[in-house]
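In terms of the working numbering, the sequence shown opens at residue 63 and continues consecutively.
Please keep in mind that the hints were generated in silico from the structure rather than gathered at the bench.
Note that the coordinates shown come from a computational prediction; the quantities given were computed from them, not determined experimentally.
Even for Gly, the Cβ is constructed at its ideal location relative to N, Cα and C.
Treat the hints loosely; a few may be bogus.
Stated by the list, open to error - Using C-beta positions, here's what the derived DEER-type ranges look like: (1) Asp-666 / Lys-525: 44 to 50 Å; (2) Glu-632 / Pro-825: 41 to 47 Å; (3) Phe-697 / Cys-768: 27 to 33 Å; (4) Gly-229 / Glu-785: 25 to 31 Å; (5) Pro-760 / Asp-694: 18 to 24 Å; (6) Gly-610 / Ser-509: 29 to 35 Å; (7) Glu-232 / Gln-589: 50 to 56 Å.
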Amino acid sequence: MQSENSALSSHEPQYDADQIKVLDGLEAVRKRPAMYIGNTAVEGLHHLIWEVVDNSIDEALAGYCRRIRVTILSDNQVKVEDDGRGIPVDIHPTEKVSALELVMTTLHAGGKFDHSTYKVSGGLHGVGVSVVNALSSRAVAEVRRNGKIYRQEYRYGEKTGELEIIGTSEKTGTIITFQADPEIFTETTEYDYETVKNRLRELAFLNSRVKIYLKDERSGEKDKFHASGGVVSYVQWLNRNRTALYSEPIHLSAEKEQVEVEVAFQYFDGYSERLFSFVNNINTREGGTHVAGFRAALTKCINRYASDDIAPKNLREKMGGDDVREGLTCVISLHVPNPQFEGQTKTKLGNSEVKSIVESVCNEKLGLFLEQNPGVAKKILTKVVDAARAREAARKARDLSRKKGATSLLMAGKLAECQEKDPSRREIFIVEGDSAGGSAKQGRDRSTQAILPLRGKIMNVEKARFDKILASDEIKHLISALGCGIGKDDFDMERLRYHKIIIMTDADVDGAHIRTLLLTFLYRQMQPLLLGGYVYIGQPPLFRLSRGKKEQYFLNEEELNRHLFNQACEKFSITPQLPDVETVEDERLFELLGSLFSFEKITDYFEKLNVWEQLLFFMLENSVHNADQFTDEEFIKSLLSLLKEEKSMIVGTIRPCRWRAECYEVDVAIREKSHISTTLGPHLPLIAEYRSAYKLFPKIERFLKCSFAIVRKEGGEEIATAENWRTLLARVKEEAFKGSNLQRYKGLGEMNPDQLWETTMKPENRKLLQVRITDAEAADEMFTTLMGDKVEPRREFIQNHALEVTELDI
């Protein structure tokens, strides 16, 4: 009989020195890409651009680069070009390969470890461009240096040939072109223009000497970023939708112990603090010693400057950091030779010496500013004193509400508590009104689900001071129910009574408004709940489809149509009246119906823009897909000659585009549409819906100009005809609907308790949207625009997005 050890050894794989693998070169990056770029989803994909751009920015910080061009090519390759010194191409003394090849194919190889080359840099770990190369199916490096143009190509991180000279040039600089590897980035390899635009704008604010150009060759969209005012311009841009207390942001800058400190801040008439900090262009979202130094200096300076006529002594003693920072928009930018970040993600600065440097610089510069600008100082002090008074009033109100707590809510019949004691297993539904609250209370699982009905719309906290917020009954109920407190002084996540907070409101305009007000409150006063992923949006169904005793619920029109098309595919096939096109059925039919439905939504959207179906078809048939096509006058003339052949169209004359230089546009009208005209110009290919239509068009083009026969699968009987694609969709839905009853819900109160439980509250069936903050600046901007005092930004937002509304509740 074999021993146990020998039996194991015969079946188990060997584990000895042969099993210890050393990943050579960039193989480690391809094996574990998340270690280097965070993830392989959308964020990681865009991180490739940041790594290459950071190299160019480092050249700018060293004083050698003035222009950076980022181009998203039509096939989703990215090209980053700068006019810096160019990556060295001479042979490395120890590695015996060109410096360019070394930088592109070796981790921790670069000039950033030599302070004679780069005094400061963002690429601290020296993995930037080599990681991009490793995660690209193809990359090309082109260097202008020494009067020559050098080029080397790579695939999957390995060179495909030696460094070659392809020409001469008097200019210097580097061009890196790369194609993200779809085997690594399986979710998507398509870049989002707005994401790239926002990051490059940020870099332009932080590097005032650099001009950054962005172009998207997929659509022709382009932008230029240059902020000569630097961080001062950044603060003004952040406050553009707010009312500032004084015109020019306060600007503090100095260099001390090789650390360059630059701070700009401005108070506005709101109540939240908006502070953005950067070290060597890296966004330190979690702050760090530089932020602590600024905050300490600000509090000391304001308190030191305060006088008895503005701030009584008894109140001055209570003026703290929170009061000083209320209504503050601030940007802190540091250049540090040896930054120490907490973790690879570089989101918190750890250098202890930086705190005293920043505090010293800000103390000196801000103290001098306040002395020299008494008018501005008085406005700031008045705001700080008001904040201190409000905080003191809020403290008293909070103490009172804490004494009452959730027990008083239970006694008042507001909160329907659950039996479970473990917060991680408890969830609370915040519902709209007593009607929905009653249904939810009856339908819930009492062991783990609590219900808190709110009466009417809660206060808009974007426009309210802290003490006023705490005076609101509905907000007091919400604070008491959650149990975690409110505000920086009192908030404690450990006291949170529910680990799932589910906002469940009606699917109408009032429900959306209440949901927005609740999210505004949570974002401004309990932001850690959103950051921790504790907040969810309940998704009650919009439709109920019943057939006999069978009921089905659908979240939206898209889900309903998908179901109807599925039903249709089981019962019918269609025969397009086209030569050489056979019957379409099963999966092919489902895909075709889905594509036609998507196209119908797009054409409906464009009709709101007065871009009628005939004109949209004309543009798609003639491959109009890029704004740059409208720079070619001959192209426009050829389009016009074709348009004039269309008897239904009235065509104007070509003119220079009013909003985009070097482009042309022309007015076109449809006779049967009462001669209402639209402008055919470079703006149309920039619209996301048009780009979607352009991608969709080749799949469905031949089906857009034919009639159809709808045939029953059993027996092959023709049951209906459709003269065009729109009629086909209507007939298919009509046939699929037969024998069914459709109900559209407007409010949760319309649902019976058992229906509410089955569709929206039962964990196995329900659909919840988790609320997360992926871009704090964008979220802050959106809340300010939609919920703030200024009307003009809100009007502009509504005008820009009104046509995107698909369901208007009037």
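Okay, the hints, checked on the actual structure:
For the pair Asp-666 and Lys-525, the beta carbons lie near 36 Å from each other, so the given range of 44 to 50 Å is not met. Taking 41 to 47 Å as the suggested C-beta distance range, the pair Glu-632 and Pro-825 does not conform, at roughly 30 Å. Look at Phe-697 against Cys-768: about 30 Å separates their beta carbons, and that is inside 27 to 33 Å. Between Gly-229 and Glu-785, the C-beta spacing of about 60 Å breaks the proposed range 25 to 31 Å.
Separated by about 23 Å at the C-beta atoms, Pro-760 and Asp-694 satisfy the suggested range of 18 to 24 Å. Distance hint for Gly-610 and Ser-509: a CB-CB separation of about 34 Å, consistent with the stated range 29 to 35 Å. Evaluation of the 50 to 56 Å hint for Glu-232 and Gln-589 yields a pass: the beta carbon distance comes to about 53 Å.
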